[in-house]
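Number of protein chains: 4
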Amino acid sequence: MALTEQQLADIAAQREQRATTRRVTVPALEEILFTPTPVLDHGFVRVIDYMGDDGAIVQAARVSYGRGTKRTLEDAGLIRYLIRHRHSTPFEMCEIKFHVKLPIFVARQWIRHRTANVNEYSARYSVLDREFYIPAADQLAAQSTANHQGRGDVLQGEEAAHVLDLLREDSARNYDHYAEMLNENADGTAIDPGRQGLARELARMNLSLNYYTQWYWKTDLHNLLHFLSLRADSHAQYEIRVYAEAMIAMLKAWVPATYQAFVDYRLGAATLSAQMLETVKRMLAGDAVEQAASGLSKREWAELMAVLGRGEG
Amino acid sequence: MALTEQQLADIAAQREQRATTRRVTVPALEEILFTPTPVLDHGFVRVIDYMGDDGAIVQAARVSYGRGTKRTLEDAGLIRYLIRHRHSTPFEMCEIKFHVKLPIFVARQWIRHRTANVNEYSARYSVLDREFYIPAADQLAAQSTANHQGRGDVLQGEEAAHVLDLLREDSARNYDHYAEMLNENADGTAIDPGRQGLARELARMNLSLNYYTQWYWKTDLHNLLHFLSLRADSHAQYEIRVYAEAMIAMLKAWVPATYQAFVDYRLGAATLSAQMLETVKRMLAGDAVEQAASGLSKREWAELMAVLGRGEG
Amino acid sequence: MALTEQQLADIAAQREQRATTRRVTVPALEEILFTPTPVLDHGFVRVIDYMGDDGAIVQAARVSYGRGTKRTLEDAGLIRYLIRHRHSTPFEMCEIKFHVKLPIFVARQWIRHRTANVNEYSARYSVLDREFYIPAADQLAAQSTANHQGRGDVLQGEEAAHVLDLLREDSARNYDHYAEMLNENADGTAIDPGRQGLARELARMNLSLNYYTQWYWKTDLHNLLHFLSLRADSHAQYEIRVYAEAMIAMLKAWVPATYQAFVDYRLGAATLSAQMLETVKRMLAGDAVEQAASGLSKREWAELMAVLGRGEG
Amino acid sequence: MALTEQQLADIAAQREQRATTRRVTVPALEEILFTPTPVLDHGFVRVIDYMGDDGAIVQAARVSYGRGTKRTLEDAGLIRYLIRHRHSTPFEMCEIKFHVKLPIFVARQWIRHRTANVNEYSARYSVLDREFYIPAADQLAAQSTANHQGRGDVLQGEEAAHVLDLLREDSARNYDHYAEMLNENADGTAIDPGRQGLARELARMNLSLNYYTQWYWKTDLHNLLHFLSLRADSHAQYEIRVYAEAMIAMLKAWVPATYQAFVDYRLGAATLSAQMLETVKRMLAGDAVEQAASGLSKREWAELMAVLGRGEG
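Top line first, the protein sequences correspond to chains A, B, C and D.
This note's numbering puts the first residue of the first sequence at 14, with every later residue one more than the last.
This note's numbering puts the first residue of the second sequence at 14, with every later residue one more than the last.
This note's numbering puts the first residue of the third sequence at 14, with every later residue one more than the last.
This note's numbering puts the first residue of the fourth sequence at 14, with every later residue one more than the last.
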């Protein structure tokens with residue numbers, strides 16, 4: 014992540030501002046407000062505003078006139094109960110707004126979460142920066158042979174080097190030609206005053222999907238947890254998972270009781286099907302259950318054994 | 014509106030709290046934060062939290078790193094442009110949370126606005142208060158004879174008095190029987206220790222639709238404007254319109270530039286159909302257009318004349 | 014449920030209509046299309062339109078040009094995989110529309126599912142029928158002493174009889190006064206031609222929450238499954254659960270493979286928290302785990318033992 | 014648009030299928046069901062399923078038990094009334110599903126309409142085809158000098174030829190390298206059996222934004238009209254407008270009464286602000302209003318004059 018002088022100054026100015034408010038305030042989140050956490054080679058995520066805290070969830074669940082109990086232990090217990098029983102509406106009473114810089118192919122996955130508000134930098138209106146994502150060497154994975162939608166071993170040696178060369182060269186060339194079609198130098202002057210320059214909304218189509226875009230993304234806490242549980246999951250693509258992980262650290266600063274319930278009842282939890290439950294019951298009763306007789310497919314059996322921490326059963 | 018001592022104390026305590034924040038803060042809204050505005054005979058609406066201000070809209074439209082220009086005139090111009098051209102996403106970046114006490118039949122209209130977050134007081138879990146809505150004398154309207162869905166003249170004399178008696182007596186009796194079925198006195202003690210009492214989730218069905226409920230209702234600014242434009246409209250039922258009007262005053266304190274654009278481009282604006290526009294063009298050209306030859310139905314013609322401030326044309 | 018002659022004739026006429034279509038069609042659902050399933054004392058639910066079938070889910074998951082494989086076994090396997098891994102978007106490609114008649118207090122719970130389309134009968138515009146819900150004797154439950162939000166034993170003898178009398182009398186009286194305020198007989202004529210009659214939008218407030226309303230309710234299959242999993246749950250209020258159960262029978266006729274996956278991975282499944290999983294692992298390893306040392310609260314421990322089919326552990 | 018033999022056969026097979034249904038059916042839409050309408054150089058849009066018709070809107074507005082009046086004139090009148098007064102819920106009772114092939118930069122605009130269901134072809138899972146969008150000569154527009162977000166004159170001569178060369182060469186090279194990194198020939202065989210090939214979810218990032226993707230897109234009629242009014246607008250980018258225009262032709266076949274109301278009250282209509290209405294009133298009263306004294310900005314004045322069909326006033 015390389016922010017310009019101007020951007021760093023803007024962020025510093027935001028962090029300088031102070032006001033007095035009657036609203037609920039979270040000191041631990043104020044501490045990191047506006048500060049970007051670097052993600053990937055040029056991306057970042059930062060919190061730029063928020064509404065509510067753990068107490069606001071309790072207050073909403075009780076539709077109370079005042080601030081709520083402030084009895085931390087009881088409140089945490091209620092929050093755990095609400096998460097466990099999927100009472101989602103009290104969590105919708107907290108809201109958070111992020112500023113995110115991310116590669117376009119990551120943005121295309123992210124935007125599928127529809128219950129959020131988004132304002133994206135417009136390449137119809139403005140010129141994109143010369144910033145593209147190149148995977149780190151340890152993330153340059155081969156196609157998985159076991160799973161159509163996954164990564165296998167990390168590429169090595171010549172193949173790895175060649176892939177990185179292709180990605181770098183194509184990205185750079187595509188940007189050079191983007192600027193040439195726009196007829197615009199980096200400082201905004203015309204490359205050739207005799208030419209008109211292609212419309213921005215057309216020229217952008219020459220950029221590849223690893224170019225960085227940025228947006229403001231605002232969502233309520235319930236939908237944030239849903240987003241994080243899907244995108245911090247091991248099945249999620251690495252390039253979006255790292256954003257989710259950075260945001261989980263911010264979640265912890267913001268609503269620590271909700272964070273802990275989320276870890277216990279979502280991230281660390283598992284859903285067992287009717288057949289899986291039946292299998293566990295038989296195992297507890299001492300039966301030597303095997304996959305073939307379990308009613309589970311091989312894949313489900315493997316999933317269950319993984320959840321129970323047993324090699325292949 | 015009769016708040017209990019405890020409720021007043023809770024509200025006062027909320028208004029006492031002060032914290033320092035790096036977030037955008039709106040002094041004019043802080044001024045009225047938590048204070049209930051009375052609506053109807055026992056209802057109220059109050060703001061209990063908010064995120065963003067006029068500047069946050071500008072900032073989102075530009076996806077900027079910093080606070081935005083702070084050049085008030087330019088910002089207001091951009092906000093007017095965004096409203097006029099229905100660029101709605103920057104307005105979604107501001108959020109507001111209300112606490113509302115309202116009759117159930119009003120709540121049933123209100124809840125149809127789906128793009129909002131709601132936590133309602135649960136009559137499955139708790140006992141409702143003995144508070145019901147009785148229309149003021151000047152709102153006791155007859156069924157309109159012109160419009161299936163509207164009010165006509167205000168009822169007078171004996172008919173009015175009789176209606177008010179029926180509403181009052183039935184509401185009171187329904188509550189008495191609700192408490193009797195629950196087997197619960199106002200102080201929570203059993204009326205008859207020898208009885209079990211009907212489940213709350215069942216007993217509530219004996220209450221009528223004018224009973225008050227309450228909820229926390231949170232929405233973004235774009236959806237708030239949509240709600241207000243529909244519910245402050247003259248076609249909206251009076252009992253919801255008064256809530257919308259109270260909320261428009263809060264809107265003005267919160268985002269004054271957006272408020273003014275909303276007044277000019279929504280509340281005070283009119284949409285003219287293709288045929289209406291054609292009629293206006295002909296009128297401007299000096300033609301003596303009449304309804305029959307205008308291509309407009311009688312009702313549309315009357316609507317157009319009303320918009321143009323001309324009796325019946 | 015007592016439908017009028019006219020309503021029965023309308024429904025019969027709908028069932029008579031036949032057309033040829035190129036669209037995907039489900040014979041088992043066509044069989045029951047438009048036919049109301051009675052629910053509670055005067056309610057019903059019926060399917061009035063649908064789009065898609067199990068095959069449409071498979072087709073969407075593959076974004077295929079044609080109809081999909083039609084290899085039933087493989088398709089069912091893919092559907093199970095999608096449900097298990099919470100890939101929800103393919104299920105959004107199927108849509109269903111219901112006509113439901115239900116008590117207002119049930120409608121108020123139901124409407125909280127926001128991702129659906131609703132058109133409700135308007136009591137601002139029309140007069141409601143004289144139909145209200147009275148619980149059957151075996152559903153007249155006392156307030157639970159263990160659970161704030163639940164039912165205990167069924168009321169017996171005098172207390173039960175008295176409750177039913179109160180509900181019946183108040184409901185009947187409220188309707189009589191509703192009609193009197195409207196100044197309208199059942200046949201639409203004026204009770205007293207010398208009176209104007211109160212506006213419908215006001216008079217309705219005298220009706221109690223057990224009055225029946227009706228609506229068209231349309232949703233996609235993903236959101237239907239979510240609705241059904243919450244409302245067919247044992248924690249849901251009986252009066253909405255019976256609707257969910259009637260709809261599950263329709264789900265089975267419509268999309269049998271999805272229905273089976275829903276039964277196995279939702280209705281019959283259980284989510285175990287991180288601590289619960291740890292406990293199960295220790296039990297499988299032969300440890301004699303007890304609640305106190307399990308890291309589970311008493312309530313969670315009881316939930317886990319219930320899921321594992323063990324009395325109190 | 015160049016469909017493969019297999020795709021054409023799949024589509025033909027879909028069009029062959031016939032079933033008998035009790036559902037509402039629209040012969041004019043059945044006529045074109047599944048048939049792709051070509052859009053841009055390789056894209057298309059086709060209807061693959063639908064629910065409801067004009068009559069279903071009327072039926073929902075009345076929450077009727079039967080089919081509705083079938084009195085075409087009255088129904089059209091009600092539909093016009095509903096559109097004019099923005100009663101949107103009855104239009105949500107109709108649903109339509111499209112299969113669309115479109116450039117990625119168009120998909121990125123389209124997906125911002127959140128109230129729709131989408132299943133997109135997955136480049137994590139599958140290999141994309143070698144198809145990219147190259148603008149036709151008459152659409153190769155320069156950046157507008159008047160409007161940051163618009164097109165100016167069409168590029169001519171050498172500049173145009175050069176731009177087309179750059180777009181074509183970069184797109185082709187990017188695909189060649191995509192295949193090389195994947196280590197996959199067009200027939201799925203390995204280019205070099207000694208290499209592993211980069212994971213698909215990574216390799217795709219080398220493709221540019223003019224590559225075609227495809228999806229199933231399903232929405233209700235209310236949200237479809239909203240989409241079409243924004244995307245068929247003259248301010249929309251040409252490359253998405255052509256899709257909207259193709260879909261409007263399908264709308265006309267599906268719900269002709271709604272289509273006509275949409276043309277009259279949306280596409281051909283204009284919203285006048287409070288100040289614009291005041292200006293029109295003064296003009297009708299014979300005043301020689303000028304921009305400076307009108308209370309309108311220059312831009313608003315120009316917009317009003319355009320709406321009234323008057324050069325510059």
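Be aware that a few hints might be false.
Repeated chains share a single entry, so a pair holds when one copy, or any two copies, can fit it.
Stated by the list, open to error - Restricting the straight-line Cα-Cα distance to at most 20 Å, the calculated cross-link-like pairs of lysine to aspartate or glutamate (DMTMM-like) are: (1) K311 - D277; (2) K265 - E87; (3) K265 - D246; (4) K265 - E182; (5) K294 - E316.
These are computed hints drawn from the structure, not numbers from a lab.
Bear in mind the structure is a predicted one, so any value in this text is a computation, not a measurement.
We went through each hint and held it up to the structure:
no., hint, verdict
1, K311 - D277, "between (27 Å within a copy, 16 Å between copies)"
2, K265 - E87, "within (19 Å within a copy, 38 Å between copies)"
3, K265 - D246, "within (17 Å within a copy, 32 Å between copies)"
4, K265 - E182, "neither (40 Å within a copy, 48 Å between copies)"
5, K294 - E316, "both (16 Å within a copy, 15 Å between copies)"
Going down the numbered hints, you'll see the structure goes against just number 4.
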